[in-house]
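Number of protein chains: 2
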Amino acid sequence: MSIPLAEPTSLDEGTLRVTPLGGLGEIGRNMTIFEFDGKILIVDCGVLFPEEHQPGVDLILPDFEPIKSRLDDIVGVVLTHGHEDHIGAVPYLLRLKSDIPVIGSGLTLALVEAKLKEHRIKAFTLTVKEGQREQVGPFDLEFVAVNHSIPDALAVAIRTPAGLVLATGDFKMDQLPLDGRITDLRAFARLGEEGVDLFLVDSTNADVPGFTPTERSIGPVLDQVIGKAPRRVIVASFSSHVHRVQQVLDAAHAHGRRVALLGRSMLRNMTIAEDLGYLKVPSGLLIDYKKARDLPDDKIVYMSTGSQGEPMAVLSRMANLDHAIEPGPGDTVILASSLIPGNENAVYRVIDGLTKLGANVVHKANAKVHVSGHAAAGELIYCYNILRPKNVLPVHGEYRHLIANAKLAQDTGIAAERTIIASNGTVIDLKDGEARVAGQLDLGFVYVDGSTVGAITDADLKDRRILAEEGFVSVIVVVDAATGRIISGPEIHARGIAEDDSVFDDVAPKIVAALKEASGNGVRDTHSLSQVVRRTIGRWVNQKLRRRPMIVPLVIEA
Amino acid sequence: MSIPLAEPTSLDEGTLRVTPLGGLGEIGRNMTIFEFDGKILIVDCGVLFPEEHQPGVDLILPDFEPIKSRLDDIVGVVLTHGHEDHIGAVPYLLRLKSDIPVIGSGLTLALVEAKLKEHRIKAFTLTVKEGQREQVGPFDLEFVAVNHSIPDALAVAIRTPAGLVLATGDFKMDQLPLDGRITDLRAFARLGEEGVDLFLVDSTNADVPGFTPTERSIGPVLDQVIGKAPRRVIVASFSSHVHRVQQVLDAAHAHGRRVALLGRSMLRNMTIAEDLGYLKVPSGLLIDYKKARDLPDDKIVYMSTGSQGEPMAVLSRMANLDHAIEPGPGDTVILASSLIPGNENAVYRVIDGLTKLGANVVHKANAKVHVSGHAAAGELIYCYNILRPKNVLPVHGEYRHLIANAKLAQDTGIAAERTIIASNGTVIDLKDGEARVAGQLDLGFVYVDGSTVGAITDADLKDRRILAEEGFVSVIVVVDAATGRIISGPEIHARGIAEDDSVFDDVAPKIVAALKEASGNGVRDTHSLSQVVRRTIGRWVNQKLRRRPMIVPLVIEA
Numbered sequence: 001m002s003i004p005l006a007e008p009t010s011l012d013e014g015t016l017r018v019t020p021l022g023g024l025g026e027i028g029r030n031m032t033i034f035e036f037d038g039k040i041l042i043v044d045c046g047v048l049f050p051e052e053h054q055p056g057v058d059l060i061l062p063d064f065e066p067i068k069s070r071l072d073d074i075v076g077v078v079l080t081h082g083h084e085d086h087i088g089a090v091p092y093l094l095r096l097k098s099d100i101p102v103i104g105s106g107l108t109l110a111l112v113e114a115k116l117k118e119h120r121i122k123a124f125t126l127t128v129k130e131g132q133r134e135q136v137g138p139f140d141l142e143f144v145a146v147n148h149s150i151p152d153a154l155a156v157a158i159r160t161p162a163g164l165v166l167a168t169g170d171f172k173m174d175q176l177p178l179d180g181r182i183t184d185l186r187a188f189a190r191l192g193e194e195g196v197d198l199f200l201v202d203s204t205n206a207d208v209p210g211f212t213p214t215e216r217s218i219g220p221v222l223d224q225v226i227g228k229a230p231r232r233v234i235v236a237s238f239s240s241h242v243h244r245v246q247q248v249l250d251a252a253h254a255h256g257r258r259v260a261l262l263g264r265s266m267l268r269n270m271t272i273a274e275d276l277g278y279l280k281v282p283s284g285l286l287i288d289y290k291k292a293r294d295l296p297d298d299k300i301v302y303m304s305t306g307s308q309g310e311p312m313a314v315l316s317r318m319a320n321l322d323h324a325i326e327p328g329p330g331d332t333v334i335l336a337s338s339l340i341p342g343n344e345n346a347v348y349r350v351i352d353g354l355t356k357l358g359a360n361v362v363h364k365a366n367a368k369v370h371v372s373g374h375a376a377a378g379e380l381i382y383c384y385n386i387l388r389p390k391n392v393l394p395v396h397g398e399y400r401h402l403i404a405n406a407k408l409a410q411d412t413g414i415a416a417e418r419t420i421i422a423s424n425g426t427v428i429d430l431k432d433g434e435a436r437v438a439g440q441l442d443l444g445f446v447y448v449d450g451s452t453v454g455a456i457t458d459a460d461l462k463d464r465r466i467l468a469e470e471g472f473v474s475v476i477v478v479v480d481a482a483t484g485r486i487i488s489g490p491e492i493h494a495r496g497i498a499e500d501d502s503v504f505d506d507v508a509p510k511i512v513a514a515l516k517e518a519s520g521n522g523v524r525d526t527h528s529l530s531q532v533v534r535r536t537i538g539r540w541v542n543q544k545l546r547r548r549p550m551i552v553p554l555v556i557e558a
Numbered sequence: 001m002s003i004p005l006a007e008p009t010s011l012d013e014g015t016l017r018v019t020p021l022g023g024l025g026e027i028g029r030n031m032t033i034f035e036f037d038g039k040i041l042i043v044d045c046g047v048l049f050p051e052e053h054q055p056g057v058d059l060i061l062p063d064f065e066p067i068k069s070r071l072d073d074i075v076g077v078v079l080t081h082g083h084e085d086h087i088g089a090v091p092y093l094l095r096l097k098s099d100i101p102v103i104g105s106g107l108t109l110a111l112v113e114a115k116l117k118e119h120r121i122k123a124f125t126l127t128v129k130e131g132q133r134e135q136v137g138p139f140d141l142e143f144v145a146v147n148h149s150i151p152d153a154l155a156v157a158i159r160t161p162a163g164l165v166l167a168t169g170d171f172k173m174d175q176l177p178l179d180g181r182i183t184d185l186r187a188f189a190r191l192g193e194e195g196v197d198l199f200l201v202d203s204t205n206a207d208v209p210g211f212t213p214t215e216r217s218i219g220p221v222l223d224q225v226i227g228k229a230p231r232r233v234i235v236a237s238f239s240s241h242v243h244r245v246q247q248v249l250d251a252a253h254a255h256g257r258r259v260a261l262l263g264r265s266m267l268r269n270m271t272i273a274e275d276l277g278y279l280k281v282p283s284g285l286l287i288d289y290k291k292a293r294d295l296p297d298d299k300i301v302y303m304s305t306g307s308q309g310e311p312m313a314v315l316s317r318m319a320n321l322d323h324a325i326e327p328g329p330g331d332t333v334i335l336a337s338s339l340i341p342g343n344e345n346a347v348y349r350v351i352d353g354l355t356k357l358g359a360n361v362v363h364k365a366n367a368k369v370h371v372s373g374h375a376a377a378g379e380l381i382y383c384y385n386i387l388r389p390k391n392v393l394p395v396h397g398e399y400r401h402l403i404a405n406a407k408l409a410q411d412t413g414i415a416a417e418r419t420i421i422a423s424n425g426t427v428i429d430l431k432d433g434e435a436r437v438a439g440q441l442d443l444g445f446v447y448v449d450g451s452t453v454g455a456i457t458d459a460d461l462k463d464r465r466i467l468a469e470e471g472f473v474s475v476i477v478v479v480d481a482a483t484g485r486i487i488s489g490p491e492i493h494a495r496g497i498a499e500d501d502s503v504f505d506d507v508a509p510k511i512v513a514a515l516k517e518a519s520g521n522g523v524r525d526t527h528s529l530s531q532v533v534r535r536t537i538g539r540w541v542n543q544k545l546r547r548r549p550m551i552v553p554l555v556i557e558a
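Residue numbers (the UniProt record's numbering), protein chains in the order written: chain H, 1 to 558; chain C, 1 to 558.
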């Protein structure tokens, strides 16, 4: 199934080359590059959040290697919507070249600009709307409204002489969205009539049967829970989910409660959303949380971040009584959010902490307080039937999602060989209505850690995992440069190994003996002597403690 | 809600003291001690599996501290069933005193004995059956059949002059179990008539509404999937789930396939289950997996371990092509198991790997191939109504489960003050039909790591987490004992920090300067000089790399 590494041939005239750099075989860091006539267009530039086997990593970026030597050929980066997995890596891209034009809808660009401001980057932007057409280098772009869990999301149709490509970005097909802005199936139909040569389509929910329920269905549940709540209400959700927050505001308003926004990103994003008219705030509804504490308990709703159990976010801090708002008996906490795989332990720890404090915790598992932002299988089939694309490239998903999506396409009559299961770095050439795999680039993970980008390697992460599971033992011996005689040590120190250092008293004489033997055999260089130390203590720790810590031996000449 | 630490008063005559040592506020390491008239009975003695914030830990034991000085008073340990979270810590208990009698059903004791054999312990055992009554010290024990996801599970009624206690162990109320052995509600009714003074009840599924479906409902699904499978079938499940394996064997047999068992624990447990008559194996059905490879692909079912994505188990190794059986296109893999919270990433990684190899992966999310082993809310309410216990102690669960269970009890009319939300170490005294909290012991986590038990502390785990997230920097300086002059160093080495060590070239002169300054101020002892080194490099790394690694400074005199 996997495509062997192969540099693609040089690009023929009149051919469009499509290369996903991220988002295939993973949920996150979505990024695809399109090359035609020597020019490059980028669609999306997101981050991936690390898993537990990537300790200490802050963010993971797409591997920019294929475009690093081509920066002057980039004509623009189109952002389909304002989620981190589609915009989070833009600052790192603009660090390479700050004047790459950034193209997206009003809300998307406002969110990107807030992010760029933190990185002290001022970008060149072009705001676009659904229905708009823009020529960017050799790429004729048309933007199409799509519905998602953030307002103002766009699909993009890319026309070149090689054919017509449609990239959905993330989307679903809520037919009664709060803002009335549905995924524009009339435009999809028109593009289908014209002939879609390649369809890049969101796969996140391709293995979920049926249809994603409407966002509107959550409103009555929030209304009922908030209406019945005897004391304070705390709602946690994603800080960019404008329509979810809107429904919380509406329910609070209906029950005579005021709302305090909590969490830096919640405040920032909702201020942007209100300024741009995406969030409708009844006058006098919002209140600063410090003032909110003076209100009676049944007159307030706190709208906060932390629905994924992030340790530094508001909700986790509340659960740990490490926040000014301390939940207690009679309070109601609503997690109006999904539970992203991998976050279960953290989220359940927060739910448990809040329950222990006496709060009534309402979440996805016991009430209908969340719907997904992605099209399920039933919706995707509608798209395939309306578009009838010549070639399909499922994107945005783990392999099982990509494969499930390809099967849906095949169910609607698209030939299996026209549905391409690719991975990051797969090079796909489109010409004359035919898409074919032209090569496979070897791309890696680029880790952001503290102020470093790409400095941490997979080898470092392996070291970290060993340190985490086994700890380390350092052994320092100072020897006389001339005679090789031990002047000081061995000093043995361990961390994360359970025993106090006296457990190593037994092995010190063995190290001395091993060094003397080596020295007697004429070994004198400190590197070789260090290896003698490593072997001696490594074997001893393994036998005596049944452990394999990292051994850090150091023989110093003085 | 939490009970302040308080040593309980000495135990009055005629009072039964109940102290859970594990299993409250967590899923695992279930263990409760009962004390009467100077004698101690233990019910269950299980392990807890570590989470990602406990790296390198193999197992977590209950804290045996409260019984360590009372070993001669222990009259026996009753094991309700053979799951690891109820029996896994028995070897560590018997290491303290090897002749504590171990009491349980036939299958339970066979599984414990297999485990004890690996620890080279031979135990004193007493095999009991449902309906049996045994006097153990001052405790009059009666065993009651309960249904669970392993055969031969028992609840235990404990009679003392202080009253009648019923402990369910883990259970559900499948009314049509494969082996016909239902939870004995007639016995529950009889005990209820007699008067249950304290009811210790499984809370695992107390927050799940309704009723757990019957195990039998999985059979037709397995039959259909295996019947339609074009090539090989691989089923993964828990290695002690005899009835699940039975249904796989039956489905394989019905479709003319033979079955090869894979994985050490699967082979061991199923051999025990077959020997004792719990697993019925059609003659000639089983085949060694090495011979199975000679069969046509549509004539074999592999029954394996690894349904939780455990990296060393068979299924993960298959997904990584690190096993003799290599899944491929046309093969069907069934994960007939739950997805234990915390394992999602690992399990989805395996599902993805198998999908990428071309296998069709059937799991809980896309087919009814698993039912829970625990009573849901509807079943628990039946129990409360039949038993009408005077006092209720929800056990086996996170806090949210314990609280949900207490609410169910209250729904049936039991007063809130008679439902006790306790934590590990809560001391509960029962006398004259009244249960009251008498104190709270301070218990910890006992970590098994390699050959050590209890040697790893929470401080070590904190060190490991820092090492995992940030790595470490060691700095060694050799100074002249007499003059304080630097003879060698600073040698700076880092691991897990991304940069090659040359990044530290800048800070070496700063360290030298700081040491000279300290020396000039008369600082001479190596510990204080080490602190100077720590501060200097720590501040530098924090500012320059925006990181907070573990700093290991060492100033040595030579």
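Treat the hints as calculated values from the structure; they're not laboratory data. There's no promise every hint is true.
Copies of the same chain look alike in the list, so a pair counts if it works inside one copy or between any two.
[Stated by the list, open to error] Below 30 Å or equal to it, Euclidean Cα-Cα: the simulated BS3-like pairs (lysine-lysine) are:
1) K299 x K407
2) K68 x K290
3) K299 x K462
4) K407 x K364
5) K129 x K364
6) K544 x K462
Note that this is a predicted model, so its numbers are computed, not measured.
Hints versus structure:
1. Taking the closest pair of Cα atoms, K299 and K407 come within 30 Å of each other only across two copies (27 Å); inside a single copy the shortest separation is 51 Å, beyond that limit.
2. Taking the shortest Cα distances, K68 and K290 never come within 30 Å of each other, neither inside one copy (48 Å) nor across copies (51 Å).
3. When the C-alpha separation of K299 and K462 is checked against a cutoff of 30 Å, the pair qualifies neither within a copy, at 51 Å, nor between copies, at 41 Å.
4. Taking CA atoms no more than 30 Å apart as the test, K407 paired with K364 passes in both settings, with 29 Å inside one copy and 20 Å between copies.
5. Taking the shortest Cα distances, K129 and K364 never come within 30 Å of each other, neither inside one copy (34 Å) nor across copies (42 Å).
6. Taking the shortest alpha-carbon separations for K544 and K462, both the intra-copy value of 24 Å and the inter-copy value of 23 Å come in at or below 30 Å.
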